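Below are the chains, spelled out letter by letter.
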Amino acid sequence: MSVEVAGMGQAKAEGPLKLAVPRGALFGETLDTLDAAGIDTSAARGESRSLIFAGSEISLVTMRPSDVPTYVEAGAADVGITGKDVLLEQSDRMVYELLDLGFGRCRMVLAGRVGDERLGESQRRLGMMRIATKYPRIAERHFESTGRQAEVIEVKGSVELAPLIGLADGIVDLVATGRTLAENDLEVREEIVECTARFVANRVAHKLRAEEVDALTSKLREATGQ
Amino acid sequence: MIHPIPPGTRDVLPDEMRELRKLHLALIEVFESNGYGEVATPAIEYDDVLARGGGRTADSAYRFFDESGDLLALRSDMTVPIARLVASRYAEAEPPLRLCYLANAFRAVRPQRGQMREFAQAGVELIGAPAPAGTAEVVEVLEAALAAAGLDRAVIGLGDADLFRQLLTELGVEGEARESVLGRLATHDLVGLEAELSQAGIDDEHVATCVTLSQLRGGREVLEQARALGGTAVERATARIGETFEALEERGAADRVRIDLGLLRNLGYYSGAILEVYDPALGHVLGGGGRYDRLLKRFGLDLPAAGFALYLERVHVAQMEEESRRAEP
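Protein sequences, first through last, are from chains A and B.
When we follow numbering that gives the first Met the number 0, the leftmost residue of the first sequence carries the number 0, and every step to the right adds one.
When we follow numbering that gives the first Met the number 0, the leftmost residue of the second sequence carries the number 0, and every step to the right adds one.
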């Protein structure tokens with residue numbers, strides 16, 4: 000495809016805009032939102048194990064939510080959708096956060112065992128709490144900004160396990176309904192931040208494919224009523 | 000035996016070095032032929048001298064003490080060292096001064112492709128030539144440099160560093176709130192920007208104005224769209240950008256330039272015009288620059304100035320991507 004620098008200096012980049020779509024909890028609502036914005040997602044909904052679904056104007060590239068900032072920052076994807084929790088945890092990734100999509104609403108919380116005083120006791124007697132989390136940077140920032148010390152222990156899997164068998168006094172984790180917490184005899188002690196899905200863009204794509212990015216942003220804004 | 004080197008640094012081997020050298024020579028040739036003389040400055044400077052540059056550049060990531068207990072720092076760019084050099088060596092010289100450089104600088108970034116802790120920059124500094132003619136000259140040299148590097152699709156973003164500073168003053172956003180709003184603008188976090196502005200007590204209409212302004216980018220028409228939003232700060236900034244754009248058109252150098260009111264480089268010393276360079280082949284910015292009319296004054300020489308720097312390694316990556324794109328049928 001030929002590319003020329005037009006009179007106004009607008010380079011037209013080749014190919015469809017690449018949109019990074021998060022698999023997992025946000026996948027369904029992301030596809031629904033894209034449908035509402037007039038983007039065909041039927042291919043991505045099928046049984047296909049493919050990761051890339053090419054369209055004429057927009058190609059969908061599916062990946063783990065936590066990989067979205069990586070692909071978008073590098074420009075491998077032009078734009079993407081991921082949770083604010085991911086963006087906060089990877090706040091050093093340079094991506095433009097263009098829109099709050101409103102769905103996928105959940106809370107980042109500090110939780111402890113029901114009726115258990117370990118959190119307070121560790122804080123008072125040992126000077127710091129032990130906190131297990133999949134979000135070490137969000138946890139560290141939260142304790143630092145509230146003037147407390149914590150030993151943050153990063154785990155990859157079910158974080159609810161940590162306080163139950165004595166790895167940590169409490170956990171920092173993302174809570175949607177609170178069912179997982181309740182089932183594991185845990186309760187919310189503090190709310191840290193509310194997270195929703197966000198629409199992000201690569202900084203160069205935001206400049207060089209401005210019209211396409213802006214058009215998609217306003218379609219998504221309409222579709223989500225934000 | 001494998002002996003480690005620090006993260007974000009690297010060795011360059013002959014095949015790459017040959018290509019980098021070719022690029023070096025091509026760029027310096029462009030600068031010299033436009034009348035810019037090459038200079039070199041020490042990689043380490045006294046920390047308090049670099050700190051005069053102010054803003055983010057002041058926090059060079061790498062500092063250490065010398066044998067007499069003085070605090071030294073590795074330079075994080077070349078603009079501040081050259082301001083120091085000009086104030087020290089050319090205080091009596093007849094402006095304008097035209098200098099260029101190709102040098103390594105150091106920043107504490109997360110190492111990845113095109114983003115190293117030690118990196119090479121090639122650029123120019125035009126000292127003593129005010130806007131708009133000085134800015135236009137710098138953009139023209141930048142265009143010649145991009146052409147010499149074979150990046151025929153590269154685009155130059157032109158914005159104004161004082162637009163939002165003056166707009167926030169006009170709206171009465173001061174102190175900490177001002178800094179956090181400017182921070183959101185620099186990272187282009189629009190969701191956070193709206194929240195910060197509302198928190199600072201700005202009404203919905205002006206919040207919307209700020210958000211809309213930060214998204215205005217394109218040809219000359221965006222200046223009209225901006226003026227329609229009203230306000231003295233917008234009026235002044237669009238007038239400055241308009242003058243620069245006209246000066247560029249007169250030189251026939253406006254083709255690659257896109258006006259971008261949302262540009263906000265996070266180096267503290269910029270004032271007036273700011274520039275950023277992009278290539279469709281690379282997701283990172285290739286370089287940037289602009290005016291820093293108040294920087295030299297901090298070194299005791301009150302002269303307007305402008306310049307740009309290209310990240311050499313990123314230009315090299317873009318060159319390779321463009322070459323392979325051209326090779327495709």
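Hints listed in this document are in silico derivations from the structure and should not be mistaken for laboratory results.
Any given hint could turn out to be false.
[Said to hold, decoys possible] Computed cross-link-like contacts, SDA-like style, restricted to lysine to any residue with a CA-CA straight-line distance of at most 20 Å:
#, chain 1, residue 1, chain 2, residue 2
1, A, K133, A, G114
2, B, K21, B, G149
3, A, K218, B, T211
4, A, K133, A, A73
5, A, K218, B, A207
6, A, K155, A, A175
7, A, K218, B, L215
8, A, K218, B, G149
This structure is a prediction, so every number in the text was calculated from the model and none was measured.
* **Index of numbered hints that the structure contradicts, given in increasing order** => Hint check: 1, 4, 8 fail, others pass.
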